[in-house]
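Take the sequences, apply the hints, and build the full model.
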Amino acid sequence: MTEAAEPDEVLMGRYARGDAAAFECLYRRHEMRTWRYIERNVGNRAIADELMQEVWFAVARQAPRYQPSARFTTWLFTIAHNRIIDWVRTSRPQTSLERHEVASVVIQLIADPSSGPLAEAVAHEQSSALAQALAELPVEQRDAFLMQIEGGLSVEEIAAVTGVSFETSKTRLRYARMKLRDLLQEHA
Amino acid sequence: MNEFPPPNEGLEDVDKRYRRLSDRDSSRPSEAIRRAVLRHAAEHAAQGRAQENSTPIEFRRRSANQPRWRVATYGGLAAAALAGLLIAPHFLTERAAEKPATPAEPRAFTGNVRPSQNPALGAVAGADARRAPMAQGRARESAPAPQLAQMQTMRTPSAARAMPSSPSPAAPPAAARSLDAARALREAAQSGNDQTLKALLAGRIDIDARDPSGRTALMLAVLNDQKEAVNSLLAAGADPNVADTSGTTPLEAAVAGARSEIAAALRRAGAR
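Sequence lines, in order, name chains A and B. Counting in the numbering used here, the first sequence runs from 1 upward without gaps. Counting in the numbering used here, the second sequence runs from 1 upward without gaps.
In case anyone wonders, no lab produced these hints; they're calculated from the structure. The beta-carbon is built from N, C-alpha and C at its ideal position, and this holds for glycine as well. One or more hints might be untrue.
[Unchecked claim] Non-contacting residues of chain A with respect to chain B, defined by C-beta distances greater than 10 Å in every case (computed):
| no. | residue |
| --- | --- |
| 1 | Ala5 |
| 2 | Pro7 |
| 3 | Gly13 |
| 4 | Glu24 |
| 5 | Met32 |
| 6 | Arg45 |
| 7 | Asp49 |
| 8 | Phe57 |
| 9 | Ser91 |
| 10 | Met178 |
[What the hints assert, rightly or not] Here are the simulated BS3-like cross-link-like pairs (lysine-lysine), alpha carbons at most 25 Å apart as the crow flies:
| no. | chain 1 | residue 1 | chain 2 | residue 2 |
| --- | --- | --- | --- | --- |
| 11 | B | Lys16 | A | Lys170 |
| 12 | A | Lys179 | B | Lys227 |
| 13 | B | Lys227 | B | Lys198 |
[Said to hold, decoys possible] Derived, one-sided and incomplete: chain B residues facing chain A with beta-carbon distance under 7 Å:
| no. | residue |
| --- | --- |
| 14 | Val14 |
| 15 | Arg35 |
| 16 | Ala36 |
| 17 | Val37 |
| 18 | Ala41 |
| 19 | Arg49 |
| 20 | Ala81 |
| 21 | Gly247 |
| 22 | Thr248 |
| 23 | Val255 |
| 24 | Ala256 |
| 25 | Ala258 |
| 26 | Arg272 |
Right, dumping it as structure tokens:
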């Protein structure tokens, strides 16, 4: 079986035994979903970079304790969720107010110029609309929604990671989707 | 939120719409982050390999089997055995001589525990020893013998000798007693010795004291799958969010170890 086809849990086991290539494979597999989960929760690229690094450093450090019976993504998103909560608790209030502005600037900076000005403008507008819609969701709903859509976590897993009941998680997800449906109506 | 469940119509399309818009977003983590993470991971992997490789000693190697090393090894073992035979009687007679002078032996726990709060542990040395007679009586009535025997073994030999029934200048300072008690608590949590753990928790003790790796008693109980110990520590007010030096919280350790019952108990206690 090639590395790319190996389950996360097997790769973690290999990394725990000292195989750095297994970690790299895991990182590349989950890089974007972790990044989107963090970046869309905090709405700031620099902070997302910092938290991203913290999360994956923690994965590397804690690898010897990892048991293959634990689902890797649940564990990964537990760590990511905790780092975000820590950041929310310690960050200054004005950070969240800058959210739209920062997201907009970031999107402008990273837009691919080779795709042409019109495509760039459209992509910018759509990405911006998504960032804005997510920013308008209550924190808990956004967190639950991103955990499910980016991490692929089940309702039970989200309930476990966030420490709420199954029903509460389910309700958060439903309300998040309702609001997003309305907010993204014009981009259908 | 209103009382009625929201309608489900059109909610399936939200995910598709999200993904379509998400695909247009080209933001990604910086290359510097990727490099830093992979470098950090490679360093940890190398450390892990080094630790694995450093443990075994290859006795089949030719140099280890040379006669001069054999002589040194057997000579060393013989010397150690002889030293043990000479020293052991000295300690045995010293302990036998101590017994008549300490009629209430079970009270001699070195932890920083108030006798008034913890009858199971009895009195401690120093100023608290003034209240020893009452506590000794209670200790005899309520302290289970195995628990006390184990506490005795947790004491250092020097501390054991410095525990007469009256205050002594040789008694260990309060800070040292406190450290002993914290270590005893961690050991009890790690091994799942619930009787000892509960007895220690009944006294005044720093429940969140850490070992050199930053692990609290709660963390050690989690790592060793000691459910009862976890419950006892949480009930006694252990902080469920104290991370070790690597930044791992007890909840993260429980999830990593697939210990769902412990993870649930930690979450109920407010763990993150």
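These are the hints, each one checked on the structure:
1. Ala5: holds, 21 Å
2. Pro7: Since the minimum Cβ distance to chain B is about 15 Å, Pro7/A lies beyond 10 Å and the statement holds.
3. Gly13: holds, 12 Å
4. Glu24: violated, 6 Å
5. Met32: violated, 7 Å
6. Arg45: violated, 7 Å
7. Asp49: violated, 5 Å
8. Phe57: The claim breaks: Phe57/A does not keep its Cβ more than 10 Å from every Cβ of chain B (closest is about 5 Å).
9. Ser91: holds, 16 Å
10. Met178: Nearest chain B Cβ is 5 Å from Met178/A, so the label is violated.
11. Lys16/B <-> Lys170/A: Within the cut-off at roughly 19 Å; holds.
12. Lys179/A <-> Lys227/B: violated, 41 Å
13. Lys227/B <-> Lys198/B: holds, 14 Å
14. Val14: holds, 5 Å
15. Arg35: Interface hint status for Arg35/B: violated (10 Å vs cutoff 7 Å).
16. Ala36: holds, 6 Å
17. Val37: holds, 4 Å
18. Ala41: holds, 4 Å
19. Arg49: holds, 4 Å
20. Ala81: Hint on Ala81/B: violated, closest Cβ of chain A at ~37 Å, above 7 Å.
21. Gly247: holds, 6 Å
22. Thr248: Hint on Thr248/B: holds, closest Cβ of chain A at ~5 Å, below 7 Å.
23. Val255: holds, 5 Å
24. Ala256: holds, 5 Å
25. Ala258: Result: holds, 4 Å to nearest chain A Cβ.
26. Arg272: holds, 5 Å
Comparing the model with each earlier hint shows violations of hints 4, 5, 6, 7, 8, 10, 12, 15 and 20; every other hint is respected.
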